[in-house]
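A.B. asks: One letter stands for each residue in the lines below.
There are 2 protein chains.
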Amino acid sequence: MRPMPILKPIRERLLLGPGPSNAPASVLEAMSRPLLGHLDPEFLALVDRVKEGLRTVFSTANPMTLPLSATGSAGMEAAIVNLIEPGDRIVVGVNGVFGGRMAEVARRAGAEVTTVEARWGTALDPQAMAEAIRRVTPRVVSFVHAETSTGVCQPVDDIARSAREAGALVVLDCVTSLAGRPVELDAWGIDAAYSGTQKCLSCSPGLSPVSFSERALERVKTRTRPVQSWYLDLSLLASYFAGAKRVYHHTAPISAIYGLAAGLDRVLEEGLPARFARHTAAGRRLVAGLEPLGFEPLVAETDRLPMLTSVRLPARLRERGEANVRARLLDEFDIEVGGGLGPLAGEIWRIGLMGENARPEVVDRLLEALRKVLA
Amino acid sequence: MRPMPILKPIRERLLLGPGPSNAPASVLEAMSRPLLGHLDPEFLALVDRVKEGLRTVFSTANPMTLPLSATGSAGMEAAIVNLIEPGDRIVVGVNGVFGGRMAEVARRAGAEVTTVEARWGTALDPQAMAEAIRRVTPRVVSFVHAETSTGVCQPVDDIARSAREAGALVVLDCVTSLAGRPVELDAWGIDAAYSGTQKCLSCSPGLSPVSFSERALERVKTRTRPVQSWYLDLSLLASYFAGAKRVYHHTAPISAIYGLAAGLDRVLEEGLPARFARHTAAGRRLVAGLEPLGFEPLVAETDRLPMLTSVRLPARLRERGEANVRARLLDEFDIEVGGGLGPLAGEIWRIGLMGENARPEVVDRLLEALRKVLA
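Going down the list, the sequences are from chains A and B. Take any residue in the first sequence, count from 1 to its spot, add 195: that is its number in the working numbering. Take any residue in the second sequence, count from 1 to its spot, add 195: that is its number in the working numbering.
Just to be clear, a hint being listed does not mean it is correct.
As the list makes no split between identical chains, a pair holds if one copy fits it or if it spans any two.
[Said to hold, decoys possible] The calculated DMTMM-like cross-link candidates involving lysine to aspartate or glutamate, where the alpha carbons are at most 20 Å apart (straight line), are:
| no. | residue 1 | residue 2 |
| --- | --- | --- |
| 1 | K246 | E207 |
| 2 | K203 | E224 |
| 3 | K203 | D243 |
| 4 | K440 | E360 |
| 5 | K567 | E514 |
| 6 | K416 | E563 |
| 7 | K440 | D526 |
| 8 | K416 | E486 |
| 9 | K416 | E326 |
No wet-lab data here; the hints were simulated from the structure.
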């Protein structure tokens, strides 16, 4: 008796939500290569090259730059739980879902959390962050570079400087920005950063590129209690991902790392400046095309991310039920766009033009479909 | 300037270590399919089918049976941190690396840990476990079904019964056993179990199939403190993986889940009894072929796993340096076998015949290569 196969052919969707974005053929092909063992010298050499590629996109010399074996949210948790001990103070900037998630992760790690809020759709006020940092003298300051729930791009420099002047470690969420906008860990003085593979790197979700500074590693060494998570413990991860002899910690996700290697190849071949320019141009083209259709950008032009555009919806779209219209886009045009999260659910759409999808022809395909469904 | 490509062609290795095993072509091909969004109805339907397939291999009706978005060690951590609060007592059976890891994960979660040790290479003594359980009255009892560091198969029934009689929840590590030997969560009365995809399921590493009983979910609901890990919090995972409306928690690893779906298709098509018989036969053929070459099984026949055989090494192999011989097997024959872990490093090899590799022709290829390198 043969059961019904679980895996039927997969439709070709154009993924213009907040991630995953579409992966190029080279990334998909890479994931279908034969498996190697996680201690095979050939695989370890590949891991080394991936680490080198990640250092390039993160603009850092940090040796502890590696693909964590879980998604971006686990990268966030790794950054927090390695640097925080119960009772440590942390200042978290919150202007969307992911800042809020950082605060929650820190609370669960036993931190005393001070949040600095900004209205969703606006950037954090560096002055307000600086004041909180001076008042609280936290061990860690953490905030989001590219807030995936709102499409806001956060200037990093001033807040990072305030934090370092107060002797705090700086954690930066680069999930949506990495490989789509300049991320300058060393120039900004970031101590722990994390990202995801399924956004501007255009790989499949499943890995979280992370990077830790020497200062962060020093902090981990001087902890009085072990890191609460064995899986995310940086000193244990180092035994596999760094150091002269590679020792088993957990079994690395072989195929996902093949995919990331192929994705990084493509990023480095294009070159970061060209890639950033492509994202900027695509974002502008999208907003220019959406406004005549009655969509209104949530975020002021100066704070707007190019790879994720949040828009308030035209009345005639809301009347039809925004979720219904998204379902029609998916069913009839094979185009996915994202809805709002939290207080913005039902209020906005989030349209991603990430990695491979940051191209004028992609923008035009979406605009044409929107004109049809709104006709 | 075109950088050197990170991803060169991958060699075809025969993976006879403790995992990953070789994935069949259908699994590799599945991972190269176009990406879907993690909230796409087509993908959510696939996740439902995967959950159903996992319930079959786990022999359980548990609704909370799902592929966790990280490797088996994170599955272990999920089982422990959801059921344990600081100060809770746990009894852990330790007869190898993975029992020891469970104890360490529990300590980091704040548990009062009592270990019951058995010599590596032997099974836990159910009587000793029962006595510790009566003495400690723990909230959780945890042990390993198939100890990947030694190749010991643990009878589950008696220990699980003792635990339940004492009102404890039972956690079982099924990383190496799942889909290669009967795993009977409901019949045994297991409350939390976890596995990996890269062993007898013959998929790529990166996901951890987990299953939680109603009793376990009840325990999570009555916790006084939130689960220390946001990423592994069962009640948050339930919002995406179960329930009527699927809500975003983290971005599911799309391609890895395609691969698991294809792997489960193949398991269910073969049928579990046939698959178990194939593993048993392959393990016997291997031991019968190894003994004349001077390898000596570490584990008594009654406690021996068929899919992972631990053997002490012949003198002429030790003389050449066991790591050198393994390197030769890899370089000249493209065959990977595993070394020992912890106190067994340098003492034993671990030879896996998992999933696709549990076949007589695979055994014979290894034996022939061994005869050549030992000649």
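A.B. asks: Evaluate each hint against the coordinates.
C.D. replies: Quick rundown of the hints versus the structure:
no.: 1; hint: K246 with E207; result: neither (31 Å within a copy, 24 Å between copies)
no.: 2; hint: K203 with E224; result: both (19 Å within a copy, 12 Å between copies)
no.: 3; hint: K203 with D243; result: between (36 Å within a copy, 13 Å between copies)
no.: 4; hint: K440 with E360; result: neither (37 Å within a copy, 46 Å between copies)
no.: 5; hint: K567 with E514; result: within (16 Å within a copy, 75 Å between copies)
no.: 6; hint: K416 with E563; result: neither (55 Å within a copy, 48 Å between copies)
no.: 7; hint: K440 with D526; result: between (51 Å within a copy, 19 Å between copies)
no.: 8; hint: K416 with E486; result: neither (52 Å within a copy, 47 Å between copies)
no.: 9; hint: K416 with E326; result: neither (29 Å within a copy, 39 Å between copies)
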